[in-house]
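Q: What follows is the residue order along each chain.
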Amino acid sequence: MKPLIHLNHITFSYSGTPVLEDVDLKIHENDFIGVIGPNGGGKTTLLKLILGLIKPDSGKIYFREDLPRHKRPIGYLPQVKHLDRKFPITVLDVVRSGSMMRPFPFQNKNDEKEAAMNLLDEAGISHISTKAIGELSGGQMQRAFLCRALISDPKVLILDEPDTFVDAHFEGELYDRLRILNEKMAIVLVSHDVGTISMYVKTIACVNRTLHYHPSNQITMEDLAVYNCPLQIITHGEIPHTVLKKHHDHE
Amino acid sequence: MTMNDFLELFSYGFFQKALLATVFASISCGIIGTYIVTRRIVFVSGGITHASFGGIGLAFLIGVDPLVGASVFALLAALGIQFFTEKGGVREDSSIAIWWSLGMALGVVFVFLTPGYTPNLMSYLFGSILTVSSYELWAMLFLIAILLAVFYAWFREILYIAFDEEFARASGLHVSGFNYLLMMLIALTVVLNIRVVGIILILSLLTIPQAIANLFTRDFRKMILLSILFGFVGSLSGLIISYFLNIPSGATIIFTLVLMFGVFRIIKRFK
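Residue numbers (our numbering), protein chains in the order written: chain A, 1 to 251; chain B, 252 to 522.
Pulled out of the complex, with its shape left as it was, chain A reads as follows (with noise of 0.2 Å):
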């Protein structure tokens, strides 16, 4: 089977500093790839560069012939800590704002509604689709963002660090849906916790610079080791043996 996405020999720097060097990925359909690495170690451009919002000095992004590149579905859940908060926009349109995506996926303005409320409702968020985007907590705006992700119908959903500014039992909540929605789609997930993540992905990229992928979520000390990856993370984070435990804990 073809991948839906194919990075090859990426290479790109930001004003000289080379960020991310002869990287190699492909996505596959049900696929769901944790992306590690340290801050600064291009885990963001990366998403970028699939997104399209980059462009890499080298290399090719191929995209499987019935995504073509202007067409391709990919649902995105940008970093939130970055939007206004205060920006007058309802729930509602927040989640419709993702059926922009081309190709538009709704024939007229309420089946697009529609959908968005379903995914409201499926999300536990119905009842607060008029409310300003900024008056919801921290937990509400992540699903709402994931609806916003979803309406599109994606084949691949991309996640930039959904972890941070949620609390630990949203966070679970998250990880559970997406195991359900990864049946449907391909999941790339970008974590600074190695710990959570492996213990839902299917298979780990460490992303420093090079891109080192893993086909299996089982990271042991000597694979960072040898392949260079984050290993702050493994010292300011959990210790290796704990990931370790999770795994055969899942098995």
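Don't read these hints as lab results, they were simulated from the structure.
These figures come from a predicted structure and were not determined experimentally.
Among the hints, erroneous ones may be present.
What the hints assert, rightly or not - What follows is a list of derived Cβ distance ranges for each label pair:
#, chain 1, residue 1, chain 2, residue 2, range
1, B, Leu271, A, Thr164, 50 to 58 Å
2, A, Gly124, B, Arg291, 30 to 38 Å
3, B, Thr468, A, Glu114, 22 to 30 Å
4, A, Pro18, B, Trp389, 55 to 63 Å
5, A, Asp111, B, Tyr263, 50 to 58 Å
Unchecked claim - Covered stretches of chain B, going by a simulated chain A footprint (3 or more residues, C-beta under 8 Å):
#, segment
6, 397-411
7, 421-432
8, 459-472
All residues carry an ideal CB built from backbone N, CA and C; glycine is no exception.
Given chain A's structure and the hints, the job is docking chain B onto it.
A: Frame of chain A; chain B shown alone:
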């Protein structure tokens, strides 16, 4: 002042024109101001406004209509600021300050070089709504037609880009094109409303009605409508007060708008 004085005022041609000018200004500033405020580009608009003074000065010097000169300079500044913002290299706020001061500096020099006295200069700096001409009113009406057409055709695109530009870009919207279009509309709105309150005070018409509207709503559409309403009430009452007290209209309009904001803010607080 008797009731008759008050009613008689509305029969004067110059006052009818001024009244129309407040209606038109409220509509265009209500729409564009909401965009500016929510997108947090008030400073950008200040840069464009002040840059237009260079055009007014040049128009005095070479003897053309000051509004034409102002339009050209404002549009150039708008495109310039947007260009440097997108290409990077210069910090955005620094870039704005450069256009802002360059425009003013050029204006000062051009006015200095203009032979003789330039009697209208003050009316462009501080506004002169009672001397607004029919031709200027037509221009304001034309601007409103353009604004309504653009916001009717692309309301959702404009809203979504203003809210989350990166997401809109990732969705495949022509974000850059919309940014340039809206910047040009900001430039034209600023220039065509200069006669109402002047270069120095125009930012107030683009921000105070929105601040009042924001007390009552957090919905973009309603914010536009309420801004138009509050803008109109504030500028009309300012205009009438200034006429009877015989004080400058532009400044009085600012006072009434700020007063309205203060009163509503306090009412909101104790409700």
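Q: So, for every hint listed, does it hold in this structure?
A: Outcome of the hint check:
| no. | hint | verdict |
| --- | --- | --- |
| 1 | B:Leu271 to A:Thr164: 50 to 58 Å | holds (52 Å) |
| 2 | A:Gly124 to B:Arg291: 30 to 38 Å | holds (32 Å) |
| 3 | B:Thr468 to A:Glu114: 22 to 30 Å | holds (25 Å) |
| 4 | A:Pro18 to B:Trp389: 55 to 63 Å | holds (57 Å) |
| 5 | A:Asp111 to B:Tyr263: 50 to 58 Å | holds (55 Å) |
| 6 | 397-411 | holds (count 4) |
| 7 | 421-432 | holds (count 4) |
| 8 | 459-472 | holds (count 5) |
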